[in-house]
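Protein chains in written order, with my numbering: chain H, 2 to 280; chain D, 55 to 345.
Treat the hints as calculated values from the structure; they're not laboratory data. All C-beta atoms, glycine included, are put in the ideal place defined by N, C-alpha and C. Do not rely on the hints blindly, as some may be mistaken.
[Stated by the list, open to error] Chain H is faced by these chain D residues, among others (derived, beta-carbon under 8 Å): (1) 110; (2) 114; (3) 116; (4) 117; (5) 124; (6) 127; (7) 138; (8) 145; (9) 152; (10) 169; (11) 215; (12) 268; (13) 270; (14) 272; (15) 312.
[To be verified] Restricting the straight-line Cα-Cα distance to at most 30 Å, the calculated cross-link-like pairs of lysine-lysine (DSS-like) are: (16) 256(D) / 274(H); (17) 262(H) / 274(H); (18) 262(H) / 256(D); (19) 189(D) / 148(D); (20) 189(D) / 131(H); (21) 189(D) / 274(H); (22) 94(H) / 187(D); (23) 131(H) / 187(D); (24) 186(D) / 131(H).
[Unchecked claim] Okay, the calculated beta carbon distance ranges per label pair: (25) 112(D) / 189(H): 48 to 56 Å; (26) 112(D) / 34(H): 36 to 44 Å; (27) 164(H) / 342(D): 42 to 50 Å; (28) 169(H) / 193(D): 22 to 30 Å; (29) 227(D) / 8(H): 26 to 34 Å; (30) 74(D) / 273(H): 51 to 59 Å; (31) 339(D) / 19(H): 35 to 43 Å; (32) 227(D) / 27(H): 33 to 41 Å; (33) 195(H) / 193(D): 55 to 63 Å.
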Amino acid sequence: MNAVVLRAGWRRGVIELRQSFTNGPDVVSHLLWPVLMLVVMYFLRESSFGASGLLLGTLALPSVLGMNAALGLVSLSQQLTYEREDGTLLRAKATPHGIQSYLVGKVVSVSGGLLADLAIFLVPGLLIVKGLDPGSASWAALLWVLALGMVATLPIGAVLGSVFPSARGQGLLQLPVIGMIAISGIFYPITALPEWVQWIAQVFPFYWLGLGMRSALLPDAAVAVEIGQSWRHLETAGVLVAWAVLGLLLAPVVLRGMARKESGSSVAERRDKALRRAM
Amino acid sequence: MSPGTTVLDVDGLRMRYGSTDVLHDVTFQARHGEVLALLGPNGAGKTTTIEILEGFRSRSAGRVQVLGADPADGGERWRARVGVVLQSWRDHGKWRVRELLAHLAAHYTAYTRPWDPDELIAAVGLTAHAAKKIKTLSGGQRRRLDVAIGIVGRPELLFLDEPTAAFDPAARHDFHELVRGLADDQHTTILLTTHDLAEAEKLADRIVILDGGRVIADGSAADLARGIAGEDEVRWVHEGRRHTHRAADSTAFARELFARHGAAVQELEVHRASLEQTYLALVRHAEQESR
Numbered sequence: 002m003n004a005v006v007l008r009a010g011w012r013r014g015v016i017e018l019r020q021s022f023t024n025g026p027d028v029v030s031h032l033l034w035p036v037l038m039l040v041v042m043y044f045l046r047e048s049s050f051g052a053s054g055l056l057l058g059t060l061a062l063p064s065v066l067g068m069n070a071a072l073g074l075v076s077l078s079q080q081l082t083y084e085r086e087d088g089t090l091l092r093a094k095a096t097p098h099g100i101q102s103y104l105v106g107k108v109v110s111v112s113g114g115l116l117a118d119l120a121i122f123l124v125p126g127l128l129i130v131k132g133l134d135p136g137s138a139s140w141a142a143l144l145w146v147l148a149l150g151m152v153a154t155l156p157i158g159a160v161l162g163s164v165f166p167s168a169r170g171q172g173l174l175q176l177p178v179i180g181m182i183a184i185s186g187i188f189y190p191i192t193a194l195p196e197w198v199q200w201i202a203q204v205f206p207f208y209w210l211g212l213g214m215r216s217a218l219l220p221d222a223a224v225a226v227e228i229g230q231s232w233r234h235l236e237t238a239g240v241l242v243a244w245a246v247l248g249l250l251l252a253p254v255v256l257r258g259m260a261r262k263e264s265g266s267s268v269a270e271r272r273d274k275a276l277r278r279a280m
Numbered sequence: 055m056s057p058g059t060t061v062l063d064v065d066g067l068r069m070r071y072g073s074t075d076v077l078h079d080v081t082f083q084a085r086h087g088e089v090l091a092l093l094g095p096n097g098a099g100k101t102t103t104i105e106i107l108e109g110f111r112s113r114s115a116g117r118v119q120v121l122g123a124d125p126a127d128g129g130e131r132w133r134a135r136v137g138v139v140l141q142s143w144r145d146h147g148k149w150r151v152r153e154l155l156a157h158l159a160a161h162y163t164a165y166t167r168p169w170d171p172d173e174l175i176a177a178v179g180l181t182a183h184a185a186k187k188i189k190t191l192s193g194g195q196r197r198r199l200d201v202a203i204g205i206v207g208r209p210e211l212l213f214l215d216e217p218t219a220a221f222d223p224a225a226r227h228d229f230h231e232l233v234r235g236l237a238d239d240q241h242t243t244i245l246l247t248t249h250d251l252a253e254a255e256k257l258a259d260r261i262v263i264l265d266g267g268r269v270i271a272d273g274s275a276a277d278l279a280r281g282i283a284g285e286d287e288v289r290w291v292h293e294g295r296r297h298t299h300r301a302a303d304s305t306a307f308a309r310e311l312f313a314r315h316g317a318a319v320q321e322l323e324v325h326r327a328s329l330e331q332t333y334l335a336l337v338r339h340a341e342q343e344s345r
C-alpha cells in the first residue's frame, strides 16, 4: 500500500466522519446509545451489588464503555453490507487501489466515530456515577485495552460484513450480539452467572473489553467481584490478541473474495431483491 | 497509442452458468478511438460481455485482451487506464459532487494527470450542482456524474452499460453530445451497450449485434443496412397502374425507369432499407434459427 492510497483513504475516512456528525439521522444514531446508556447509569447509580458495597452504576459504567468499543464490530459490518448493496464497493473496485483506500477510510471513520461515541458517553457518565477511580495509570490501561480491543474486533466486523449476502441477513447479527452482551457481565457482574455461561462469555472479546475497562476505572477493591478476584491483564491481552490475529488473517482473504464477486449485475440483483421485499 | 491499434480483442468468448450457455463464441475487436455499440434485445448477453471486459466477472472460455492485458488479472495500473460507467449507481448519496470527484481523482495521480474536478464538472454541465449532495441530484444529473467519475482518470477506454436507459429525450440528446465529444476530442475508445437501435446508430462508428449470446452482425450502420436487409423499395404509378419493385441500388433503378418511360412515371416513392427493419429482421431470424 503506498502513500497515495493511505492519504486518499484517510481523506475518505475524515469526510465520512464529518458527514456522520452533520447528517440528521446519523447524528441521532451517534447519540442514541450513549444517551440510553446514560439513562441506565442514572437509574443504577444508587443500587448496590449484593453485600460487596459496590454500586451497580459504578461497575456498569466501565463495562458499558467496553461494550460500546466492541460494538464497532457491528457498525463496520453493517456499513460494509450496506455499501456493497448500494454499489459503493463496486465503485471502489472500478478505481485503481479503490478497495484499499475504501477500507482505510472505513477503519478511520468507524474508529473515529467510536472514539467520539465513547467520549459522548464517558464525560457525562463520570459526572453521574460516583466511586470511580480514574488516575493517570488507569488512563494508560484504558488506552491500551481500547486500542487492542479495536484491533481485535474491527477485522472480525469486516469479515462478518463480507459474508452476509444482504443487509437484511446482516440484521440477524444483532441477535447473537445482544445475547453476548447479556452474558458478558456488562450490566451485572459475571460472577453472578452459572459457571458454564461464564466460560462461553470468556471466549469472546466483549467480556474482556468490559473487564479491561473496569480494571482501568474502578478502585482496586472492586476486583473482589471478578472471576478469580483478579483483573487478569495477561489473559485480557492474550484473548484480544488471539482475536486480532484471527481477524487480521481472515479479513484480507474474505474481503478479497467478496470484492472479486462484485459486479454491476450482482448489485442490480440485490437491489431488485430488496425492492421486491419492500413491496 | 496510435490510431488503428486494437484496443479490445475478444476471441471465442464463452460464458456458462451451470448448464446454460449465455455467451457462445463471441468474437469482435475495437480499434483505438472507435465508438463501438454492443446492440441487442434484453437478455442477449450484453451486460455479461461488458462485465467480463471490465474485469468484474470471470469467463468460462475464450481469449480476451483489453489494452493488451487479460482483464481477469489486469492489476491497478491497467485499472487506471479503463473507465467504467455501470447501470444504476446509487452509492455515495451523502457525498457532495465536487468532494467525490476530487477524492476519486486522487487515486489516479500515480498513473496520469486526472481531470481537474472543477473543469470536469463544467464539462458535464454540473457546475451549478457542484456543492450539492449526490442523493439530491435528478436521474439525468446523476448519470452525468457517473460519466464524470468514469472519465476522471482520463481513461483510454471507456465502458458505458446502458447509459441512457430511463432518460427523457432532452437528457438523452445532451448525453449523446457528451459521449461524441469524448470520442472526437479526447480520442477515447468507447464500448457502450444499448438495446436502442437509434442510439447505436447515432453514437457508434461500428455496431456489433448480439442475440441469444451470439454475434449475429458486425459493421457500420450503413454496412448492416446494406448487407442484410439489403433492398430498397421503389413504388410508382405508370399509365394508371401502381407498381412496386425491390432493388439493391434504388437510385440506378429510378434512373433507368425515367430513361424508359420519361414523364409518364408518376408518384415516385423510394423507401430506403432502414436499419430498424434490418435489426428486427436479424433478431427474428436468429430466434428462428435457435428454435
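Evaluated hints:
1. Residue-level restraint check for residue 110(D) holds (minimum Cβ-Cβ distance to chain H is 4 Å; threshold 8 Å).
2. Residue-level restraint check for residue 114(D) is violated (minimum Cβ-Cβ distance to chain H is 15 Å; threshold 8 Å).
3. For residue 116(D), the suggested interface contact is broken, since its CB lies about 18 Å from the closest CB of chain H, more than 8 Å.
4. Taking 8 Å as the C-beta contact cut-off toward chain H, the hint placing residue 117(D) at the interface is violated, the least distance being around 20 Å.
5. Restraint check, residue 124(D) versus chain H: the minimum CB separation of about 15 Å is more than 8 Å; hint violated.
6. Contact between residue 127(D) and chain H, as hinted, is not supported at the beta carbon level, the nearest pair being about 11 Å apart and thus beyond 8 Å.
7. With a least beta-carbon distance of about 4 Å to chain H, the hint placing residue 138(D) at the interface is held under the 8 Å criterion.
8. Hint on residue 145(D) holds. Least Cβ distance to chain H is approximately 4 Å, under the 8 Å limit.
9. Restraint check, residue 152(D) versus chain H: the minimum CB separation of about 12 Å is more than 8 Å; hint violated.
10. Given the 8 Å rule on beta carbons, the hint for residue 169(D) is violated: about 14 Å separates it from the nearest Cβ of chain H.
11. Interface restraint check: residue 215(D) against chain H, minimum CB-CB distance 6 Å, threshold 8 Å, status holds.
12. Interface hint status for residue 268(D): violated, as the beta-carbon distance to the closest one in chain H is roughly 20 Å, over 8 Å.
13. The beta carbon of residue 270(D) comes no nearer than 22 Å to any beta carbon in chain H, farther than 8 Å, and the hint placing it at the interface is violated.
14. Interface restraint check: residue 272(D) against chain H, minimum CB-CB distance 24 Å, threshold 8 Å, status violated.
15. For the restraint placing residue 312(D) at the interface with chain H, the shortest Cβ-Cβ distance is roughly 55 Å, beyond the 8 Å limit, so the hint is violated.
16. Between residue 256(D) and residue 274(H) the CA atoms are separated by roughly 34 Å; this puts the pair beyond 30 Å, and the hint is violated.
17. Distance restraint check for residue 262(H) and residue 274(H): the Cα-Cα separation of roughly 17 Å lies within the 30 Å cut-off, and the hinted pair is therefore satisfied.
18. Restraint check for residue 262(H) and residue 256(D): not satisfied, since their Cα atoms lie roughly 34 Å apart, outside the 30 Å limit.
19. Under the criterion of a C-alpha separation no larger than 30 Å, the hint pairing residue 189(D) with residue 148(D) is consistent with the structure, at around 7 Å.
20. Pair hint residue 189(D) plus residue 131(H) does not hold up; C-alpha atoms about 46 Å apart against a cutoff of 30 Å.
21. Of the supplied pair hints, the one linking residue 189(D) and residue 274(H) holds, its CA atoms being roughly 21 Å apart against a limit of 30 Å.
22. The suggested pairing of residue 94(H) with residue 187(D) holds, with an alpha-carbon distance near 22 Å, which does not exceed 30 Å.
23. The hinted pair formed by residue 131(H) and residue 187(D) fails the criterion: a straight-line CA distance of about 45 Å is larger than 30 Å.
24. Of the pairs offered as hints, the one joining residue 186(D) and residue 131(H) is violated, with about 47 Å between alpha carbons and a cut-off of 30 Å exceeded.
25. Separation of residue 112(D) from residue 189(H) is about 52 Å and conforms to the stated range, judged on CB atoms against 48 to 56 Å.
26. A hinted range of 36 to 44 Å for the beta carbons of residue 112(D) and residue 34(H) is consistent with their spacing of about 42 Å.
27. Look at residue 164(H) against residue 342(D): about 46 Å separates their beta carbons, and that is inside 42 to 50 Å.
28. A hinted range of 22 to 30 Å holds for the C-beta pair residue 169(H) and residue 193(D), which are about 26 Å apart.
29. The beta-carbon spacing between residue 227(D) and residue 8(H), approximately 40 Å, falls outside the hinted interval of 26 to 34 Å.
30. The hint said 51 to 59 Å for the Cβ distance between residue 74(D) and residue 273(H), and at roughly 19 Å that hint is violated.
31. Separation of residue 339(D) from residue 19(H) is about 58 Å and departs from the stated range, judged on CB atoms against 35 to 43 Å.
32. Checking the proposed 33 to 41 Å range against residue 227(D) and residue 27(H) shows it holds: the Cβ atoms sit about 38 Å from each other.
33. Taken as a hint, the range 55 to 63 Å holds for the pair residue 195(H) and residue 193(D), whose Cβ atoms sit roughly 59 Å apart.
In summary, the numbered hints that this structure violates are 2, 3, 4, 5, 6, 9, 10, 12, 13, 14, 15, 16, 18, 20, 23, 24, 29, 30, 31.
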